[in-house]
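From first to last, the protein sequence lines stand for chains H and V.
Residue numbering for the first sequence follows our numbering, beginning at 1 and increasing consecutively.
Residue numbering for the second sequence follows our numbering, beginning at 1 and increasing consecutively.
Some clues are possibly wrong.
As the list claims (entries may be wrong) - Capping the alpha-carbon separation at 30 angstroms, the derived lysine-lysine pairs in BS3-like fashion look like this: (1) V/K187 with V/K229; (2) V/K292 with H/K49; (3) V/K297 with H/K74; (4) V/K229 with H/K49.
To be clear, the hints were calculated from the coordinates, so they are not data collected in a lab.
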Amino acid sequence: MGSIIRFRFSVGSEVRFLSHLDLLRTLERALRRTGLPIAHTEGFNPRPKMSFGFALPVGVMSWAEYGDFEFNEKVSPHAFETLYNEHLPQGFRVLAAETLPEGTPALMSVINAARYQIYIPGGSAAEVKERVDWLKQVDTFVIERQTKKGVRKVNLRPLLLEVGPISPVGGGVEITTLSSLGKQGNLRIDELGQLLDFPYRDAVITRTAQLIMDGEEFREPMEIGVRDE
Amino acid sequence: MDKRLEPLLPYVQKPARYTNGELNAVHKEWADQITKVALAFPDIYDVGMGNLGFKILYEIINARPDALAERAYAPWLDMQQLMEERGIPLTVLESGRDLVEFDFVGFTLQHELSHTNIIKMMDLAGIPRFSHERGEEHPFIIAGGPCAYNVEPLADFFDFVVLGEGEEVINEILDLYAASRKSKGDKADFLRKVARLEGVYVPSFYTPVYTDDGMYAGLEPVEEGVPSKIRKRVLADMNTVPIPEEFVVPYVDAVHDRAMVEIMRGCSRGCRFCQAGMIYRPVRERDPELLKETLRKLVAATGYDEISLSSLSSGDYSQIGTLVTDLIAEFGPCGVGVSLPSLRLDSFGVELAEEIQKTRKTGLTFAPEAGTQRLRDVINKNVSDEDLKQVVQGAFSAGWYSIKLYFMIGLPTETEEDLDGIARLAHQVLQWGRKYGTGQRLPQVSVSVSSFVPKPHTPFQWMGQNTMEELREKQKYLKKALRHPGIRFNYPRVEESFVEAVFARGDRRLGPVLARAVDLGCQFDSWTDCFQFELWMQAFSDCGIDPHWYAQRTREFGETLPWDHLDPGLEKEFLLYEWQRALRGEPTPDCRWDYCSDCGVCPNLLVDIALAGGEA
């Protein structure tokens, strides 16, 4: 009897410049190195059965990336966590793992918000506060988004849900934000920079959460599983 | 991650090329007494990571307690610009140190159009270009690889060059260097010693001689006791040297990013245009059990999902059928596929294709090289129309829908009939696809036609290349003949083949042209978007060099050639004899299965053909 394991992992500074595809390939290769009985898709080109949360922007670190791996045999989440950590390259770390009950919806179909912690070197807390106050008063902040199908106008304002504490740190300012992520609406990291008016390439950004937001209630994707050890 | 590069990374394409920290990268301590070698690849990381020779040297050097090897690649243009603006020199990946801090910087000479990148990398590293400009404070700039067999255009840039297979000679060089350091010898002292190693060429110990009318007349030694010919290094037994088992696994999408194992070295098919087939002789196969054991370790150490059996002509490996079957049986259940690059028509059984297809569908590529049987006999590509028919029909019946065909134009004795032959074959293959195809998609034929570049140490080494006008005419003719739904026609620019031809058979007078070309902005010349022909022509003209004289002039058989002292073990008489047979359209059989063709390699180098089956 097989099993699906959901896990949360971190992406550190040394691997933050990987593209999404690079990251997936790296995780897949590490999984193969564990020798665990990963399930494969059928057909001429069998692929390991693995799925993930939303792509981490290039250059951004994270404490809250998620993956679901399907195995042909029962694999204990604890054993998985230990073994996978042994085989992941430096910069990746599994922080939690659970067995997923059957019928749990895919990560991508439920995650709809993300929290970022942003350090802006040389940024001023006063200026950020002023910007946030102004944003609170406006309903629209329209930009042109380049998509595969061409340029599309997008109102970014409703995609920024919350700006948390704004604190001066060292020679800059640190802020936390909550923004939409996923299919219903997605605020990209460069767009977050445009909204809050900071140079996103020079900022130190960490994704601290991917959340399932239901009205006023927030759930973390790991909470779906039931610990069975 | 290099602290100087880190702030630049958000501003460049594919930043993970520059971040280091890949799985299996070796980080050794920089102790004083350790010899430091930078392996420098004259192209971007994504290309260089696929090079097997680099992996071999990396593992051998790092296995030594008294040496370390780190890697450097050419930064892409966006990164170069940022580095130059901020005064950041070229660094290696592992330790982030400047190239100038190493004892040796070793470049690989893969093809003529990467020459400018070597010079550009020295510029970026702040290392003087020419060997005579460098002092005790600079590393030895050394090189090896296929273009070492005519390194003359680059001779003035390198301190020494290694000819042939590197597995053994690299250790000899490092031993010698360690001894030289112990005895506090200077660079000149070491050069004199290293020049005595078989396979090592120190260009500055020789000076070229030219006749009054500008003909090259040979090299004169300026140092006592140096050999008049530098003979290549060759391994007698492929089973006793280290095989890389812990590839550095790149994060970015890189070429040949899979578990690659070299199943044999050398090819004695004897295609007369092919330099690799001449300079890597003789054929030496590896033991299949050793290969399987290596692949087990390699897959376990990397997590790759694809195994690649690499060689010049993998279908010719004497145990190929059982090897592929065994590998698929063992690795298939783990989701690891098998691929076979460089297959030949005649040796490629449809059964083998089907075997591979079970786990993974890869594209099928065939290289008839010429459009008619007559011309294939001239170039000794012993493939018949009947072979092609059987294989292609078999492939379509087995479910393949996409076939890629490789040809060349500008081959000796080529006529319009041969061009028509290319078009006829392409249409024929498409027809077979429509008739026998069982795939879910419409048959596709992709035809790649390159312009022939005569190469040193081949039977065609004397022949003048077609003029650019002739080649363009032929391309135009084919373009018209191949305009058809279902057929795709690709061809590189003739200007690139022209520059390649100039340097392939160049002499030392071309060194200044390379330097000038880099000054003018030439680099990444093998990237079609970066190749700037006008700048090349300006560089030639600024240096008073007529490039056509090098590319298009047919040499006299008695002429001294700029690569005569660089010796892969072939007899010149054999090459000449092969040229005469070519003109008569007489094929020469493969010495693995037929009589010895007297190329000279085995007796000259004291080696033998070695087949895994034990025969020959």
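Evaluation of the provided hints:
| no. | hint | verdict |
| --- | --- | --- |
| 1 | V/K187 with V/K229 | holds (23 angstroms) |
| 2 | V/K292 with H/K49 | holds (27 angstroms) |
| 3 | V/K297 with H/K74 | holds (26 angstroms) |
| 4 | V/K229 with H/K49 | violated (58 angstroms) |
Going down the numbered hints, you'll see the structure goes against just number 4.
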